[in-house]
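**Q** So you can see what is in the structure, the chains are spelled out below.
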Amino acid sequence: MKLPIYLDYQATTPVDPRVVEEMLPFFTETFGNSASRNHAFGWKAEEAVAKAREQIASIIGASGKEIVFTSGATESDNLAIHGVAEFYKEKGNHIITTGIEHKAVLDTCHYLEQKGCEVTYLDVDKHGCIDLQQLTDAITDKTILVTLMAANNEIGTIHPLKEIGEITRSKGVFFHCDATQGVGKIPIDVNEMNIDLLSMSAHKIYGPKGIGALYVRRRKPRVRLSPIMYGGGHERGMRSGTLNVSGVVGFGKALEISQTEMDSESERLINLRERLHQKLTEQLDYVFLNGHPTKRLPGNLNLSFAYVEGESLIMGISEIAVSSGSACTSASLEPSYVLRALGVGDDLAHSSIRFGLGRFTTVEEIDYTADKVAGAVSRLREMSPLYEMVKEGVDLSSVSWTSH
Amino acid sequence: MAYSDKVVDHYNSPRNVGSFKKEEDNVGTGLVGAPECGDVMKLQIKVEDNRIVDAKFKTFGCGSAIASSSLATEWVKGKSIDEALTIKNTDIVEELSLPPVKIHCSVLAEDAIRSAIKDYKDRRTENTAE
Chain A
1 MKLPIYLDYQ ATTPVDPRVV EEMLPFFTET FGNSASRNHA FGWKAEEAVA
51 KAREQIASII GASGKEIVFT SGATESDNLA IHGVAEFYKE KGNHIITTGI
101 EHKAVLDTCH YLEQKGCEVT YLDVDKHGCI DLQQLTDAIT DKTILVTLMA
151 ANNEIGTIHP LKEIGEITRS KGVFFHCDAT QGVGKIPIDV NEMNIDLLSM
201 SAHKIYGPKG IGALYVRRRK PRVRLSPIMY GGGHERGMRS GTLNVSGVVG
251 FGKALEISQT EMDSESERLI NLRERLHQKL TEQLDYVFLN GHPTKRLPGN
301 LNLSFAYVEG ESLIMGISEI AVSSGSACTS ASLEPSYVLR ALGVGDDLAH
351 SSIRFGLGRF TTVEEIDYTA DKVAGAVSRL REMSPLYEMV KEGVDLSSVS
401 WTSH
Chain B
1 MAYSDKVVDH YNSPRNVGSF KKEEDNVGTG LVGAPECGDV MKLQIKVEDN
51 RIVDAKFKTF GCGSAIASSS LATEWVKGKS IDEALTIKNT DIVEELSLPP
101 VKIHCSVLAE DAIRSAIKDY KDRRTENTAE
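Order-wise, the sequence lines are chains A and B.
Residues in the first sequence are numbered consecutively from 1, following this note's numbering.
Residues in the second sequence are numbered consecutively from 1, following this note's numbering.
Worth double-checking, as some hints may not be accurate.
What the hints assert, rightly or not - The list that follows gives simulated cross-link-like pairs (lysine-lysine, DSS-like), each with its CA atoms no further than 25 Å apart: (1) A:Lys-372 / B:Lys-6; (2) B:Lys-21 / A:Lys-391; (3) A:Lys-279 / A:Lys-295; (4) A:Lys-44 / A:Lys-209; (5) B:Lys-21 / B:Lys-121; (6) A:Lys-391 / B:Lys-56; (7) A:Lys-391 / B:Lys-46; (8) B:Lys-121 / B:Lys-46; (9) A:Lys-372 / A:Lys-279; (10) A:Lys-103 / A:Lys-295; (11) A:Lys-391 / B:Lys-22; (12) A:Lys-89 / A:Lys-115; (13) A:Lys-103 / A:Lys-162; (14) B:Lys-6 / B:Lys-56; (15) B:Lys-77 / B:Lys-21.
Unchecked claim - On the chain A side, residues computed to face chain B include the following (Cβ under 8 Å): (16) Glu-309; (17) Glu-311; (18) Gly-345; (19) Asp-347; (20) His-350; (21) Glu-382; (22) Pro-385; (23) Leu-396; (24) Thr-402.
Claimed, not checked - Which chain B residues stay away from chain A? Per the calculated CB distances, all over 12 Å, these: (25) Asp-25; (26) Asn-26; (27) Glu-48; (28) Asn-50; (29) Arg-51; (30) Val-53; (31) Asp-54; (32) Asp-82; (33) Thr-86; (34) Glu-95; (35) Ser-97; (36) Thr-125.
Calculated from the structure, these hints are not laboratory results.
Don't be surprised by glycine CBs; every beta carbon is placed ideally from N, CA and C.
Taking the hints into account, I'd like the entire structure generated from these sequences.
**A** Laid out in structure tokens, this is it:
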């Protein structure tokens, strides 16, 4: 086993060697611009792009013409939301989302609010699930878009996409789904789920960074978008800019592998995740699961270790790469907004750790991690005044703390 | 974030972790911070003849908070009460090379020292009054 151990697969993933191999010729031999229509260099590049486009489209149940390549999911989210808001501004100005979406969605919505859009943020319950009735009731004749993620990047909770799509379709409202954490990990079919726009990213599924796509429905109903970048009119005018051909090829291959291996990989990851969870709760008290117990990404385990601050815990397990919802690990000094929206107290948000498991995670690594984390938590609790007080029977909520 | 060697050293080998019995006459206890803010420090001093002869701490917080309180216990030991009150958070920032986002950890450690001394003095006054 090699140290350090990478357990932050929801942040990014290593590129699969099979993907690298597929990409390599497109840096040197087949380097052409896929928009060059008058020579073989261009044709070969275009051929590779067309193949990847079909690969990606067929996996999500779309056609190649509905795939717009972008620089990643942040751009896809921006293009989808801005694009619809701008193009359909005569029709309406109301957008529906939740408070636990990725910042690429939330910050775009905040910007549009300043420009006169109305945004409804649906409530989520303690597991991060929305209430479908509340969604139905929130749709008005001014609503142009519902934007909800497939699976949450912090807590792993999966939204009921099929049920959401039934509601949006019956109400005649577009459904944008940020599936950055979903494609290649859970089954997604844009027709079965009535999804009209779908954001994807390659680097979350063992593809390269800097490449993503937006699925834009062409028929029943046709979705139209105003571009956010202007130039050569690439990608049917929706996203100008020379295509990142090697990236596109890598993305296609990465998604194809993820899709082929999805069933066996999900099962393997769920087993590893449950093993880690069980080993930690066997050795430690006051461990709380964040997110839904079962409707969650196979490779996501988000736990709060009460009375221990997340950053200090990460420091204690320096050979294991994880992330925390603690404020101390972010520049904002605010704990995770996702955990906050779930009603997890700020104290437990500061104590949260996200374990992101993936393709190259082994049983040995999981067992090592469980022991290291349990050891570090125990040591830090020995020096935690809160743990001492709780053990003495003090109700922490009865203490008058000096907030600063 | 990269930590200074001194922060890492205090985190790995914290000085004076533990607790005194709060009720003891010559013990002063400071409890500062809040769980919702992500840091709580408990710093205790044991005083004899107006001199701090021993100190203990327990901290819930990031590595810099643990290091700041660990350092604070080291520094107050052997000092008179008046001398201990001259310890400034800026001294802690300098000693541990804390980055700007971690300055609040040093402020909290200074508060913890003051709060422990205040508790000691308050309880002495009560006892004398009896």
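**Q** Does each hint fit the structure? Answer for all of them.
**A** Quick rundown of the hints versus the structure:
1. Distance hint between Lys-372 of chain A and Lys-6 of chain B is fulfilled; the C-alpha atoms sit about 23 Å from each other, no more than 25 Å.
2. Under the criterion of a C-alpha separation no larger than 25 Å, the hint pairing Lys-21 of chain B with Lys-391 of chain A is consistent with the structure, at around 15 Å.
3. The straight-line distance between the Cα atoms of Lys-279 of chain A and Lys-295 of chain A is roughly 21 Å, inside the 25 Å bound, and the hint therefore holds.
4. Our distance criterion of 25 Å between C-alpha atoms is met by Lys-44 of chain A and Lys-209 of chain A, whose separation comes to about 23 Å.
5. Between Lys-21 of chain B and Lys-121 of chain B, the direct Cα distance comes to roughly 16 Å. Compliance with the 25 Å bound is thereby established for this hinted pair.
6. At most 25 Å may separate the alpha-carbon atoms for a hinted pair to count; Lys-391 of chain A and Lys-56 of chain B meet this at roughly 18 Å.
7. As the CA atoms of Lys-391 of chain A and Lys-46 of chain B are separated by approximately 23 Å, the hinted pair is consistent with the 25 Å bound.
8. Between Lys-121 of chain B and Lys-46 of chain B, the direct Cα distance comes to roughly 12 Å. Compliance with the 25 Å bound is thereby established for this hinted pair.
9. Distance restraint check for Lys-372 of chain A and Lys-279 of chain A: the Cα-Cα separation of roughly 11 Å lies within the 25 Å cut-off, and the hinted pair is therefore satisfied.
10. Only pairs whose Cα atoms come within 25 Å are accepted, and Lys-103 of chain A paired with Lys-295 of chain A is accepted, the gap being roughly 22 Å.
11. The suggested pairing of Lys-391 of chain A with Lys-22 of chain B holds, with an alpha-carbon distance near 16 Å, which does not exceed 25 Å.
12. A threshold of 25 Å between alpha carbons decides the hint, and for Lys-89 of chain A with Lys-115 of chain A the separation of about 11 Å falls inside it, so the pair holds.
13. For a cut-off of 25 Å, the pair hint linking Lys-103 of chain A to Lys-162 of chain A stands: about 24 Å separates their Cα positions.
14. Taking the CA atoms of Lys-6 of chain B and Lys-56 of chain B, the gap is about 19 Å. The hint holds against a cut of 25 Å.
15. Of the pairs offered as hints, the one joining Lys-77 of chain B and Lys-21 of chain B holds, with about 18 Å between alpha carbons and a cut-off of 25 Å not exceeded.
16. Checking Glu-309 of chain A against chain B by beta carbon gives a least distance of about 5 Å; that is within 8 Å, so the hint holds.
17. At a threshold of 8 Å, the smallest CB-CB gap from Glu-311 of chain A to chain B is about 4 Å, leaving the interface hint in force.
18. This hint holds: Gly-345 of chain A has a C-beta 7 Å from the nearest C-beta of chain B, less than the 8 Å allowed.
19. The criterion of a C-beta within 8 Å of any C-beta in chain B is met by Asp-347 of chain A, whose closest approach is roughly 4 Å, and the hint holds.
20. Contact between His-350 of chain A and chain B, as hinted, is supported at the beta carbon level, the nearest pair being about 4 Å apart and thus within 8 Å.
21. Annotation: Glu-382 of chain A was flagged as interfacial toward chain B, and the flag holds, the nearest CB pair being 7 Å apart, inside 8 Å.
22. At a threshold of 8 Å, the smallest CB-CB gap from Pro-385 of chain A to chain B is about 4 Å, leaving the interface hint in force.
23. Residue-level restraint check for Leu-396 of chain A holds (minimum Cβ-Cβ distance to chain B is 6 Å; threshold 8 Å).
24. Annotation: interface hint on Thr-402 of chain A holds; nearest CB of chain B at approximately 5 Å, less than 8 Å.
25. Every CB of chain A lies more than 12 Å from the CB of Asp-25 of chain B, the least distance being 21 Å, so the non-interface label holds.
26. Even its closest Cβ contact with chain A, about 20 Å, leaves Asn-26 of chain B beyond 12 Å, as expected for a residue assigned away from the interface.
27. No beta-carbon of chain A is positioned within 12 Å of the beta-carbon of Glu-48 of chain B; the least distance is around 24 Å.
28. The Cβ of Asn-50 of chain B sits about 26 Å from the closest Cβ of chain A, beyond the 12 Å cut-off, so the non-interface label holds.
29. With a minimum CB-CB distance of about 25 Å to chain A, Arg-51 of chain B clears the 12 Å threshold, and the non-interface call stands.
30. Distance check on Val-53 of chain B: its Cβ is at least 21 Å (rounded) from any Cβ of chain A, clearing the 12 Å threshold; non-interface status holds.
31. Interface exclusion of Asp-54 of chain B from chain A stands, the closest Cβ pair being 17 Å apart, more than 12 Å.
32. Look at Asp-82 of chain B: its CB is around 24 Å from the nearest CB on chain A, clear of 12 Å, so calling it non-interface holds up.
33. Its beta-carbon lying about 22 Å from the closest one in chain A, Thr-86 of chain B satisfies the requirement of being farther than 12 Å from that chain.
34. Non-interface status of Glu-95 of chain B relative to chain A is upheld: no Cβ of that chain comes within 12 Å, the nearest being about 19 Å off.
35. Every CB of chain A is more than 12 Å from the CB of Ser-97 of chain B (nearest about 16 Å), matching its label as outside the interface.
36. The claim that Thr-125 of chain B lies off the interface holds: its Cβ sits roughly 21 Å from the closest Cβ of chain A, which is beyond the 12 Å cut-off.
In summary, the structure agrees with every hint in the numbered list given earlier.
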